[in-house]
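These protein sequence lines map, in sequence, to chains A and B.
Take 71 as the starting number for the first sequence in the working numbering and just add one per residue.
Take 2 as the starting number for the second sequence in the working numbering and just add one per residue.
Take the hints with a grain of salt, since some may be wrong.
[As the list claims (entries may be wrong)] Quick list of simulated restraints, FRET-style, between CB atoms: (1) B/Gly233 with A/Ala92: 34 to 44 Å; (2) A/Leu421 with B/Ala101: 23 to 33 Å; (3) B/Gly233 with A/Phe213: 24 to 34 Å.
[What the hints assert, rightly or not] From the derived model, a few chain B residues whose C-beta atoms are all more than 10 Å from chain A: (4) Val135; (5) Gly162; (6) Glu325; (7) His364; (8) Pro368; (9) Val387; (10) Phe394; (11) Val465; (12) Asp480.
Simulated from the structure, these hints should not be mistaken for laboratory data.
Here a beta-carbon is modelled for each residue, glycine too, at the ideal position from N, C-alpha and C.
Below, each chain spelled out in residue letters.
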Amino acid sequence: MRIELIPRTDPSPVARALAPLAALVVAFLVAGLVVALMGKSPVSAFEVYILQPLGDPWSLRAMLVKATPLILIAIGLSYCFRAGLWNIGAEGQFVMGGIAGSALALATHGSDPGPWLLPAMMLAGIAGGAAWGAVPAFLKVRFGVSEILTSLFLVYVAELFLDWLARGPWRDPGGFNFPQSVVFESAARLPEIPGLDRVHVGVVFAVIAVVITAVVLGRTLFGYRLKLTGDAPRAARFAGFDARRTTLIVFLISGGLAGLAGIAEVSGQIARVIPDISPGYGFTAITVAFLGRLNPWGILAAGLVLALTFIGGENAQILLRLPFDLTVAFQGLVLLCVLTADALVSYRPRLVRQAGARA
Amino acid sequence: MADAAPASTATSSPAPVTLGDGTPALVSLRGVSKRYGDLLANDGVDLALAPGEIHALLGENGAGKSTLVKILYGVIEPTAGEILWEGRPVSIPSPVAARALGIGMVFQHFSLFEEMTVAENVAVALPDRAFDAVRTELAEVSRGWGLALEPDRAVWTLSAGERQRIEIVRCLMQKPRLIVLDEPTSVLTPQESERLFETLTRLSDAGTAILYISHKLEEVRRLCRAATILRGGKVVATLDPRASSAREIAALMVGSEVGEVRAHLSKGAGEEVLRVESLSLPPEALHGKPLVDVALSVRAGEVVGIAGVAGNGQSELFAALSGERLAPNAGDVVVAGTGAGRLGIDARRRLGAAFVPEERLGHAAAPSHGLSDNTVLSHHATSGLVKAGFVAFSEAARIARSVVAHFDVRTPSDDPAARKLSGGNLQKFVVGREILRGPTLLVVDQPTWGVDAGAARLIRQALVDLAAKGAAVLVISQDLDELFEIADRMAVISDGRLSPLRPASAWTREAIGLEMIGAHDEADAALAREPA
């Protein structure tokens, strides 16, 4: 017995629109089952994960802060994914962006550098992420190396590099040997949004990225180029779009936005360099991008949903003693369900008995 | 086969278990239908073949020929109807069952492993038998039927005709009593086709029934004494193709009289718009064809045709002309007086050139995109659709609607995805999309490949009209009838080399066939013999 996927001639637009919601529901049900198997009540887990954060202003603001990197990274990834290129290494690009921006903050520490510092840090973050993203793109166009593998492997290089910096050259001499840098001066810290306690202006970056991307993908020749390259590569070549240039450009954009997310997180949230600046934003953003249908507004919504699971996960650790790994597993489950739902919208599964399979 | 002759007089009455004169039918289909959702791909089809009969199955693309054949070969299950084998009802649930009954199939597209030898390819299909035994029998069968094959040659070194022989021998080794051939001559030179016909006649004389699927009327009339014509899934006629004219049969296939393309009045040689000089390119992919010293010229107001059997460098030539692949030197490809060899496709479009590649879906058009988006595809560089990086999608939609209206493109909805269109309608769209740009040079690869007769006529007319308006038109085609119909001058491409361009009237089919197999001297000799 095996399962065959038969392409549907006319996939239903309603099913396509509802697929992400159905995927979320199924993910919740499976997660509930896992929670029950762990001996906890799925109902109280749902309350702790979802309902409590939504009813608490502090949690809602924390959700915005967590959603910021997710949305920025996922927006960048949507450029790659639309063009059919699989950048799996946004986590590494995020880290390198954080490192590049922090280098400026630490180099000017104690020298009262003036108002140019923050913009310069953001640009350095973008450059750092873009440079890290350029490596797999270059290897792909020059040598035909799979970008999936190289981008993923570079995540570990970036993480270990950050670890070494935080424990070695950048460690705060007066920090009791903790693996962390000095706290950034206020000139190197992204300000809060007035009236929104603890929410830094990185949120604004994310919204701007969403709006610009909505225009670029929907109205410009570049957006059309990406869609065509992803959907029909030979037709893209016939249209005069050079695939190698497309690859380089989308990896630069994707890496740049991940780098911006990285430095915004360090500068606006953590305010110092530590070995772990990301709880896996770069990977979770892949789920965000697909849950949001690679559509900028969809990504905005999906980013908030996945940010909620981070907040809920922290709650559940405290209130229910559920491990944080469960949150990560749930995020993976969401991605699995979204991709499955998408596949089922486009294909009809059919059970084939072994006897017929030999034919 | 004298006993098969009465089949040719069969009328449209339900296929009997025995043919008119009492000859038992080897196989008969009765009321076979296949429904896909709303579409009836086959609608109550009756068909009967006697042993040794060569029976043609004719019809346009989408008439239901492939569906019927797949039902017979056990690939798909009919919705209704029954199949009788020697008078007994049988069910054919799989190709394995079809082969066990004695039905063999030679597909249009070969399923061979390029890197393996002939014998290995045959042995793969017969997993229960020892390789040496297969190899010996292969040699015997190919000798016995005059199908010359070297068992130890690697497949990638073989011509299309030799590859087809492998498929036929592979089929014959299972000792079938009915062989189904799907468009067997579409990849063959005239000489290779001739050899195939001889083999088929011998098989028929030995009592093997043959179901011959084709859209080439001339060869059907030569080979077959009975023909079943399908239109819209139904049998519209069963007749003797020798007793009807090609135009009558074509009209039955299409459902209306097929008009002829109005020849344009050649205004004589205009200015040269495309010139290619000693263009050589190494093959891009493994087993691709190199282009060797290709030279040609197309002048304003004329249609130049390039004949050739598939896979002889046509796609490579198209890519080099369109700029999807750059030539070594700027002067290798000259468009409207500008050395364009090093220019990309958009720069060549700006010089006034337009291109229609062979593949409609995936190359000329993105399957999942709407027609308006597919208009942007080839128009963005030239027609003011893009301002400051922004695409005027409403303007693209207007152009798309105009193409649809001017070229009689039948669409299921407003701005449908390209893959929702039938082959003929999509081809009309991609040709129309380029013609509406008003190009001074149009390069088309296989303009009517796999499209219905009505669409083919419209497209050929559009190409001729474009030339009449003063554009230079280059048509690469495997369809000789098409080229003789519309081309003013012709050349033949073979193994990446191009023959000299000659006026169409100076060519004979024999000479073209000789050029197709690279026999230039013989072709010249044949033309010298022929009074012009």
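Structure-based check of all given hints:
{"no.": "1", "hint": "B/Gly233 with A/Ala92: 34 to 44 Å", "in the structure": "holds, 39 Å"}
{"no.": "2", "hint": "A/Leu421 with B/Ala101: 23 to 33 Å", "in the structure": "holds, 26 Å"}
{"no.": "3", "hint": "B/Gly233 with A/Phe213: 24 to 34 Å", "in the structure": "violated, 53 Å"}
{"no.": "4", "hint": "Val135", "in the structure": "holds, 20 Å"}
{"no.": "5", "hint": "Gly162", "in the structure": "holds, 28 Å"}
{"no.": "6", "hint": "Glu325", "in the structure": "violated, 6 Å"}
{"no.": "7", "hint": "His364", "in the structure": "violated, 5 Å"}
{"no.": "8", "hint": "Pro368", "in the structure": "violated, 6 Å"}
{"no.": "9", "hint": "Val387", "in the structure": "violated, 5 Å"}
{"no.": "10", "hint": "Phe394", "in the structure": "violated, 8 Å"}
{"no.": "11", "hint": "Val465", "in the structure": "holds, 25 Å"}
{"no.": "12", "hint": "Asp480", "in the structure": "holds, 23 Å"}
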